[in-house]
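Engineer: If you want the building blocks of each chain, they are given just below.
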Amino acid sequence: MNSQRIFLALLLLLTAVSCGGGNNNSGIPTPTLFAAFAPDTNSPAGEAVYMAAGDRSGATFTIRVMAANITDLFGVGFRVTYEPGFVEFVDSDPLDSVLGIGGYQTDFHTAEAAPGILFVTATRIQANPFVPGYDFTAPEELISLTFRATRMTPGSIFSFSTQQVEICDEVAETCAPSLVPVWSGGTLVVN
Amino acid sequence: MITSRRLLILAALLLCSPVLAQSVVYVDAGNCPGPGTGAVGDPFCTITDAIVAAATGDTVQVLPGTYGECVDTGEKGLAIVADGSNPALDATDFIIDGDGLCTPVILGGNSGLDGFTVRNGGDSGIRTSGSVSITNNIISGNSSPAYGGGLYIVANAGQGTTGDVTITVEDNIIDGNSSTADGGGAYLYGIVAQNAQSIINFLDNTVTGNFLAGEAPFTSSQGGGISAYTNTGVLAYSEISISRNVITGNNADFGTPSSAYGGGIFANTFGFGSERIAIEDNTLSGNSVEGFGGGISAWAVGDSAVNQDHVIVVDDNVVTDNMATDSAGGLDLYIEAFDLRVLRDVNVQLSASGNTVQTNTAGSSGGGMVVSTLTDDNDNDSDPDTTTRVTAVLENNLVARNSTDGFGGGLDLFIVAFTDTVGTVDLGFNTIAGNIAAAGAGGVAISVGSSDDTEGTQTGTSTVRIENSIIADNVGYGIAIFSDESEGVLDLDGIEYNLVYGHSPDDYDTTVSNLADIANGTNVTADPLLDVESIPDVCSPAIDGADPAADYSSEPEPNGDRANLGHLGGTSEATTILPDTNGDRAVDGLDILEIATAFASSIGEPRFSASADIDLDDAVEGPDLSLVGARFGKVCP
Numbered sequence: 020m021n022s023q024r025i026f027l028a029l030l031l032l033l034t035a036v037s038c039g040g041g042n043n044n045s046g047i048p049t050p051t052l053f054a055a056f057a058p059d060t061n062s063p064a065g066e067a068v069y070m071a072a073g074d075r076s077g078a079t080f081t082i083r084v085m086a087a088n089i090t091d092l093f094g095v096g097f098r099v100t101y102e103p104g105f106v107e108f109v110d111s112d113p114l115d116s117v118l119g120i121g122g123y124q125t126d127f128h129t130a131e132a133a134p135g136i137l138f139v140t141a142t143r144i145q146a147n148p149f150v151p152g153y154d155f156t157a158p159e160e161l162i163s164l165t166f167r168a169t170r171m172t173p174g175s176i177f178s179f180s181t182q183q184v185e186i187c188d189e190v191a192e193t194c195a196p197s198l199v200p201v202w203s204g205g206t207l208v209v210n
Numbered sequence: 002m003i004t005s006r007r008l009l010i011l012a013a014l015l016l017c018s019p020v021l022a023q024s025v026v027y028v029d030a031g032n033c034p035g036p037g038t039g040a041v042g043d044p045f046c047t048i049t050d051a052i053v054a055a056a057t058g059d060t061v062q063v064l065p066g067t068y069g070e071c072v073d074t075g076e077k078g079l080a081i082v083a084d085g086s087n088p089a090l091d092a093t094d095f096i097i098d099g100d101g102l103c104t105p106v107i108l109g110g111n112s113g114l115d116g117f118t119v120r121n122g123g124d125s126g127i128r129t130s131g132s133v134s135i136t137n138n139i140i141s142g143n144s145s146p147a148y149g150g151g152l153y154i155v156a157n158a159g160q161g162t163t164g165d166v167t168i169t170v171e172d173n174i175i176d177g178n179s180s181t182a183d184g185g186g187a188y189l190y191g192i193v194a195q196n197a198q199s200i201i202n203f204l205d206n207t208v209t210g211n212f213l214a215g216e217a218p219f220t221s222s223q224g225g226g227i228s229a230y231t232n233t234g235v236l237a238y239s240e241i242s243i244s245r246n247v248i249t250g251n252n253a254d255f256g257t258p259s260s261a262y263g264g265g266i267f268a269n270t271f272g273f274g275s276e277r278i279a280i281e282d283n284t285l286s287g288n289s290v291e292g293f294g295g296g297i298s299a300w301a302v303g304d305s306a307v308n309q310d311h312v313i314v315v316d317d318n319v320v321t322d323n324m325a326t327d328s329a330g331g332l333d334l335y336i337e338a339f340d341l342r343v344l345r346d347v348n349v350q351l352s353a354s355g356n357t358v359q360t361n362t363a364g365s366s367g368g369g370m371v372v373s374t375l376t377d378d379n380d381n382d383s384d385p386d387t388t389t390r391v392t393a394v395l396e397n398n399l400v401a402r403n404s405t406d407g408f409g410g411g412l413d414l415f416i417v418a419f420t421d422t423v424g425t426v427d428l429g430f431n432t433i434a435g436n437i438a439a440a441g442a443g444g445v446a447i448s449v450g451s452s453d454d455t456e457g458t459q460t461g462t463s464t465v466r467i468e469n470s471i472i473a474d475n476v477g478y479g480i481a482i483f484s485d486e487s488e489g490v491l492d493l494d495g496i497e498y499n500l501v502y503g504h505s506p507d508d509y510d511t512t513v514s515n516l517a518d519i520a521n522g523t524n525v526t527a528d529p530l531l532d533v534e535s536i537p538d539v540c541s542p543a544i545d546g547a548d549p550a551a552d553y554s555s556e557p558e559p560n561g562d563r564a565n566l567g568h569l570g571g572t573s574e575a576t577t578i579l580p581d582t583n584g585d586r587a588v589d590g591l592d593i594l595e596i597a598t599a600f601a602s603s604i605g606e607p608r609f610s611a612s613a614d615i616d617l618d619d620a621v622e623g624p625d626l627s628l629v630g631a632r633f634g635k636v637c638p
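Going line by line, the protein sequences match chains Z and D. Each residue of the first sequence is one higher than the one before, counting from 20 in this note's numbering. Each residue of the second sequence is one higher than the one before, counting from 2 in this note's numbering.
Honestly, the hints are just simulated from the structure, not real lab data. A couple of the hints might just be wrong.
To be verified - Simulated pairs of lysine to aspartate or glutamate, DMTMM-like, Cα-Cα distance not exceeding 20 Å: (1) D:K635 / D:E497; (2) D:K635 / Z:E192; (3) D:K635 / Z:D110; (4) D:K635 / Z:E189; (5) D:K635 / D:D552; (6) D:K77 / D:D50.
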């Protein structure tokens, strides 16, 4: 290899390094993605379960599933739908969930049932003596969900489907899915 | 009274003849030409010298080396063991070489051989009589002009002075041996007279690359790897257990078509007393036969001139990639009975359960398996009390991805029932999937051999029951009758609660599709949703699809209180039901919520929810939540 070829090889190497992350296996540099999630509703007035923007870093972003203005909230079950061509689910985090207040036993589950459909549960677990629901008006987190953008998009919809809120009344010692709050999602922008 | 002079003489004898006082006699080829005394410091040069010097019950301890001799314990009852003091050594360091002429090792009653390589025998590698133990040896490159290239094991119980006999062949490697009659690798013969019994335990051996090339004066070749026979007198009992062995790459041939049986194993009962051959938990792969039964050929044969009890059990074997040029690429199962009488205590049984029979091939029929019955009854009196009946039972077998150039890609059932007899093949909880046949049935082919006996007066009855099975995605019909016989001879009114799906040209041929059982609706046509291991998905219609009367108690919870279809149906490995509390075919947060709110409640309490009680134990507890959690996210179409 002559000096000209060595120089050319170094130049290509430096070019690749300077482009930073996002390289694919072909060696062709790809641009780094920046994801931003914008919720449909930031301050719901009535009983609501809604998505809020959490931390983000490059293509990775977190959606905080929040609730507000609910009496005797015991648990929620819902599906999040999104466009799998633009985003993939990473993991969930229940550590800041309001359902854990009081030290009650809880259960959190997430699973991708199909591309673009994430099943989520965040609930307390009943016991003897009776475990009450939680009363609150200010927004509280139920669970946070972290995703990663995979392609640029000017607007990709996140929404709830097949959702349910379970209310457990400590006075009557009964539980029922009687509440029908407002559910609202949001839009992802990736550039 | 022993005088001091006599004591002195005895002491001198002991000093001069140490063997007489030893229970261990030592041999070392490194001490040749010897001859040695057998003492630890002065071992014999040959094993034969040690045997001559040893007394009954002694141990002959052999040091590393090659011993070119033909060892025979006679009637002494000796343990011949390879010296185990150096853990770096193994059987390859202790060699008994027959030099292509003799039998390298002949073991008499109560003798054992442990830890040797036995090779180059010209008349089998090891021959035995009486109770012996053969463990941890390599039996390789031996040949026989007759039976048993590697091992020739004959129980001979009850003969002469021999009483009961127990033979153990365990943890050996038996490879590259050959014979011109049955048992290329090993010949096991449990022959018993009078009221004695013989037990042959053939366990945990590796039997590979053995070859049976039959020739005259023998008339057929049986058992490329192993041949096993029981032959008993009226009051005698013989049992052979062939278990946990790895049996690969063996071959049986006779040089003419259709004259060889059992590439891996051949087994046959044919005596007058009680006999049992159990072939269990073996792995058979890559065996071949120029005839029938690439993996196993097993024949349960009985003739009730006297009381007899003949049983062959073929359970929990993995039989893959075997080949038969004629029929039965994997398993060739045959039950034959003549003149059985209810009033006599006669029992001839053949059963196969829990086997995995996959990717075997056959030339003519039965890519996976052939099941044949033959019954005859010479009195022709049509008296139910004297009707000869036999049943071959096949349960919980997986028969998948086998193929044949003929018919019966998975199973070929062939029933011959002469006058006043009933031959039955009973299939329950089997999975027969992905098999290929060039003609007729890709799944299950049913044939009737003959309806008339030699007198041409009456017909026997051939009965086939197929229940609680999955028959899917076979190339050819799912179930077809490959016979000219009418349904009056072939009783097929026992095809119920099966899932039959995905066949070309159709799931049933015309004859089968016209049966009342097919029309009555218990058989289902739906995709069983099998995975690559032919296990039904939790969403499969095979789940909880069995006859409601079938036993489901062994299925893990939640089992829906009803057994599944297919080879795992009714077993502890059955697929559990979808833990779906609200019946929406999705295991999601709504199911969790129902359990969460009813948690820690029992039946009768206000919070109890029957639909949240997934495991049906009348309480909503941790196991219910775990069951839903394990399937969380599952959606059935």
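Engineer: Determine for every hint whether it applies to the structure shown.
Structural biologist: For each hint, the structure was consulted:
1. The hinted pair formed by K635 (chain D) and E497 (chain D) fails the criterion: a straight-line CA distance of about 30 Å is larger than 20 Å.
2. A distance of roughly 31 Å separates the Cα atoms of K635 (chain D) and E192 (chain Z); the hinted pair therefore is violated under the 20 Å criterion.
3. Restraint check for K635 (chain D) and D110 (chain Z): satisfied, since their Cα atoms lie roughly 18 Å apart, inside the 20 Å limit.
4. This hinted pair does not check out: K635 (chain D) and E189 (chain Z) have alpha carbons roughly 33 Å apart, beyond 20 Å.
5. Straight-line distance between C-alpha atoms of K635 (chain D) and D552 (chain D) comes to about 27 Å, which puts the hinted pair past the 20 Å bound.
6. Simply put, K77 (chain D) and D50 (chain D) have alpha-carbon atoms about 13 Å apart, close enough for the 20 Å limit, and the pair holds.
In summary, the numbered hints that this structure violates are 1, 2, 4, 5.
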